[in-house]
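Undergrad: Once you've looked at the hints, go ahead and assemble the two chains, each given alone in its own frame, into the complex.
Given next are the chains, with one letter for each unit.
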Amino acid sequence: MSEQLTGASTFLDDYPEEAAVVRAALWSSFIALALGAVFGLIQALHRTDILRLIDSADYYTVLTAHGVLMVVSFTIFFLVGVFTWATVRSLDRGVESIRYTWTWYGLMVTGTLMAVVAILGGFVPSTDISADVLFTFYAPMQAHPLFYGGLAIFLIGTWLAGADWFRSWRAWAAEHPDERIPLQTFMVLTTMLMWYIASIGITIAVVGFLLPWSLGLIEQVNPLLTRTLFWFWGHPVVYFWLMPAYLLWYTVLPTVSGGRLFSDPLARVVFVLFLLLSTPVGIHHQYVDPGIAEGFKVIAMTNTMFLLLPSFLTAFTVVASVEHGARQRGGTGLFGWLRALPWRDPAFTGMMLAGLMFAAGGFSGMINAGMNINYLVHNTLWVPGHFHLTVGTAVALTFMAATYWLWPQLTNRRLYSRPIGLAQVVIWFVGMALMSNAMHVQGLFGVPRRTAEPQYQGFEFATSFGSITELNIQLAVGGTLLFVSTVLFVSNIALSAGTPKLSGLGEDLTDPLSTAHDSPAILDNLKLWFGIAMVLVVLAYTLPLASIISRGGLFGPGVDPVPIVAEPIRVGIQPLVASVEPAVSRLAAVAGSVLP
Amino acid sequence: MRRTTQGGILVGSGVLFVIVWELRSALGLLAGVDANAQLYMLFTLLVVGLTAVALAIGLIGLRPDSPADDDAS
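Here the protein sequences come in this chain order: H and E. Every number in the numbering used here is 803 more than the matching position in the first sequence, counting from 1. Every number in the numbering used here is 25 more than the matching position in the second sequence, counting from 1.
Calculated directly from the structure, the hints in this document are not laboratory data. A portion of the hints provided could be inaccurate.
[Stated by the list, open to error] Have a look at the derived ranges for each label pair, beta carbon to beta carbon:
#1 H:Gly1261 with E:Ala60: 23 to 31 Å
#2 H:Ala974 with E:Ala79: 54 to 62 Å
#3 H:Ile1003 with E:Ala60: 47 to 55 Å
#4 E:Leu71 with H:Asp1314: 42 to 50 Å
#5 H:Ile1003 with E:Gln63: 48 to 56 Å
#6 E:Val58 with H:Leu1342: 17 to 25 Å
#7 H:Tyr999 with E:Asp59: 46 to 54 Å
#8 H:Leu1357 with E:Val58: 49 to 57 Å
#9 E:Val58 with H:Pro1323: 52 to 60 Å
#10 H:Gln1023 with E:Gln63: 52 to 60 Å
#11 E:Asp59 with H:Ala1162: 21 to 29 Å
#12 E:Ala60 with H:Gln1023: 32 to 40 Å
Cβ coordinates follow ideal geometry from the N, Cα and C atoms, glycine included.
Just chain E, same shape as in the assembly (with noise of 0.2 Å):
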């Protein structure tokens, strides 16, 4: 089974980045907090510039079991 993979990566970095700058609006919206913008575009980015790092380094997620499971889709 393939597991990490750029491909992964690169495309939950989008979705993630999507879902924690989009939680501002909600914040804003639905609970009135005020949150800077440019200090939490900076927060949104840190997280998932991290989240990526981690993943491309096989500190979090799974690497793949062998050779042909980093296969092209």
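This is chain H alone, in the form it adopts within the complex (with noise of 0.2 Å):
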């Protein structure tokens, strides 16, 4: 398979320093990646009872460990990598510093050692250090505080990095005062503005609550509370993972598949809308609290069905592009013109089969979202199924396919195996449809998620077709070929180093068939969008919280466990009004005095 040279410099080539540390970020997120799929491979055996490697006891420390490090370091460690790459590229200018830029780094790799450490402490017996608590690490589980301390300081390095990206374009912006924000830096901010909204929500979980707590210095929690912080943050965290892919769909698939992309203005409309619609959703996750009111989760629900316009926008918009290429390729027909397009090409196929993917986990999503549907699939081996869909698929799927397309460009040096790029990812493809559709049928059949036990000593689940035996093997199955395919892209990347350098392997991205100037410049205006998104969070949780605190206190010990069917408004609004009394009462009477 030959690979032409284009004689363009590469981003190694202009930027050597900032490249280092990309590819630094890049290599920090695939240890992650190869970490976490040993432990998601262990993990996928065991609670199917095909190879017990480990006691039942440690099943939440590996189920912890395949978490983080899969949905906190390696998609995050990746973006910032690709960040960095997008933002310097489409700037064009380096950063303003790189001591700068390698100190929130290492404030990462930092944050994600002490995690990584407390959670790995809870295979040590003789040790107090643990943090059996999973990714949904909120109350009343409780981990070591190098857990929190590690995720405080790994969430300052995510706010370093975007204010890096910030201070870039500001400087940008002075010397080009005239011009659209670069479609990629357009991408990085909105998506680091998401960034900032939702880390209010953990942060308070984090530093108010879950850290003092874990140090003894307060006693007790509102569980509800974190979690309801937690979700603040955690629904949108799945739009700062997508963000990138899309970022990547966006900008680069239309370049690989010989094509242009559709539609710049468009593609600014859907990140506008995910800043906006990304963080007011996060009690969907909450629809089986019994503290929180129905009013609240349907308010919830209804936000993120709107959730559902930038992703059928994206879907629209990414096709459209791929097209306009196939048929630049001399693709012709109704649809046809799918042969015309590089399968061959593993960047190409690896993120098309995720794109196809994500169209799945979006209609499963749906049904999460589905207030009353969302009741018989709470809790089961389905939410698994899904976001494994989601984050496991249309992100881990397009990064790493990406990856192909970008590390040459990183390195000067071409891949090692493009035949082999190619087959690791058809396999993720086809272990993830095994194992997701395993596990969205046993969720069906009312197989719970998070325990290694889901027979419950020989308990029967019900099926209307199979077992859950052979349900089973097949997830069982999906997974290995999950992790063979981790274990081909890491070697294929690792082994890359070996190949001979070469100049020329630079690759430039295409414009857009409709510019930035085809739409109105309030796109661009970032503090507007960041204050709507504000207000909007407000209106969605100012009451929901009120409510919480007002019925369960600051510091716990929180609600019963009765479902609040129909909560009056007014007990949810009565902290706000005691607030704002005195200040109305004294406005009064300053009123009556003054007016005759």
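TA: Below, the structure is given as structure tokens:
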């Protein structure tokens, strides 16, 4: 298989210092992926009772390690690498201070190591360090302070990374006052604004409650409050994982397919919508929480359904761009153009398969988000089946596929093997289809998630077809294929270091068919969108949080486990009314004395 | 224009496998058809295998118009 040299300079040629940071971030991501895959395989084989390498008591340590390494370390390290590349590339200027850039990277590594040490401490009975709290680390489960401290430091690292990209943009904007924000930078900045808003919840949860509680500074916390604050962040973090994948679909995939992005303005609209809508939806993770009134859950459900809009816009825009590429390559016919696409290119095929899986994940996500039908699948294996399609494939497979395109430009070396890369993305697709299908179906049969012993001492689940045993085998086979795929990916990248250095491996991204100038300039008004996003968050969360605090206390003990069917609005707004009452009274008194 | 290629057969086989295998779940959940897992897997592999072989030997699909069409992507 040949690879044409374009003769263009690479990112490494133009920005060697920044390329080193991007490579370091991506390697951190891949190491987390490899470790997470080992824990994932152990977990899949254990809970299906195919092969038990650990004691069931250690299952939650494995589960936590798998979750945290995959969805915090793998995804976010990749994100900061790609965002650094995208910002520097699209602004065509280096970072303002490379030392500052290495600083936030160092903080993220430090935080990760602290959290991972705390988690792995769970395997060592002689130490009191453990963090078997799963990725969803809200109370009442408690971790060692090292875990929360590590998370806090990691979070600070991501904030500083965002500030780094904002600094670059501001410096660029000062030199280009009349120009629109380059698309990739626009995507990076809107994503980070969303991240800053989302981080409010988890910061308050960790720094205000979980860490002091873990240190023994406070005796108890309100579990529902920490849980709600977690999901304040826990759903938008899904979009934090997804938006770099979207960035790659919008800006790299059209080029790889031989075409051009269909519409720059539409891409900007999508990212603005994600900024606005990602955060005020978190309560849809809490449909079965008894302490939150149904009305707030309905609002969260409605907001969540609005989030389908940017996803549908993306499906349209990306497919239109790819079709344009196919027709540029000579493709014809209603569907015949599909044959003209570069299916032998692992970067293209991986991203396309990831997009296909994302469509399936979107449909199962709608079921999760539907308040009544959610009760059927809540806390069943259906839910991991869903997020292995979204973050586990749409995001993870896109990241791996994009690496096949990006890596030569960061290293000036060709990929070790493109055929292995192609096989790797197909194996991931098949493995995930098998595993996720088994998880979804088992979920419908009522098999629970988050347990090492789903069989509950011989309890037989009723199945409408097949058997739980064969679904377990399917799950284990799928999980094993995913592990093999991960090994192939990491090996391929590692072995690429042994290929000879070349020049001229650079690949420019093509310009959109419809450029930024076709869209209103207000789309680039980041302050406006940030302000509206904050207002939406305040509207969505003020009353639920006030209600939770007024009923269960800021530091606990929390609410009774009795469902609130229709809580009077008065109860929710009582704390607010009480807080503004004195000011209103004074205002009324002043007005009374002034007016005749 | 590039037509049937080994890469395309690999990708297509993967997708076809997933579609045919997951039809079993749809049949089971929606229509209550309890297809035997082992036999259905054999059926799936047979469908995918025969399709791949037929594509590879040119029985179905489109052959490259010229050697240049079979170029790498």
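Undergrad: Now, for every hint given, state plainly whether the structure supports it.
TA: How the hints compare with the structure:
At about 26 Å, the beta-carbon gap between H:Gly1261 and E:Ala60 stays in the expected band of 23 to 31 Å. As the Cβ distance of H:Ala974 to E:Ala79 is approximately 59 Å, the hint placing it in 54 to 62 Å holds. Between H:Ile1003 and E:Ala60 the beta carbons are some 50 Å apart, a value that agrees with the proposed interval 47 to 55 Å. Taking the beta carbon of each, E:Leu71 and H:Asp1314 are about 47 Å apart, inside 42 to 50 Å as hinted.
Our hint of 48 to 56 Å for H:Ile1003 and E:Gln63 holds, since their Cβ atoms are close to 53 Å apart. The beta-carbon spacing between E:Val58 and H:Leu1342, approximately 48 Å, falls outside the hinted interval of 17 to 25 Å. Distance hint check: the CB atoms of H:Tyr999 and E:Asp59 are about 52 Å apart, consistent with the given range 46 to 54 Å. The given range of 49 to 57 Å is respected by H:Leu1357 and E:Val58, whose C-beta atoms sit roughly 55 Å from each other.
For E:Val58 and H:Pro1323, the hinted distance range of 52 to 60 Å is satisfied, since their beta carbons lie about 53 Å from each other. Take H:Gln1023 and E:Gln63: their Cβ atoms lie about 54 Å apart, and the range 52 to 60 Å holds. The hinted range of 21 to 29 Å is satisfied by E:Asp59 and H:Ala1162, whose Cβ atoms lie roughly 28 Å apart. Against the hinted window of 32 to 40 Å, the Cβ-Cβ separation of E:Ala60 and H:Gln1023 comes to about 53 Å, which falls outside the hint.
Checked against the numbered hints listed earlier, the structure breaks hints 6 and 12; every other hint is satisfied.
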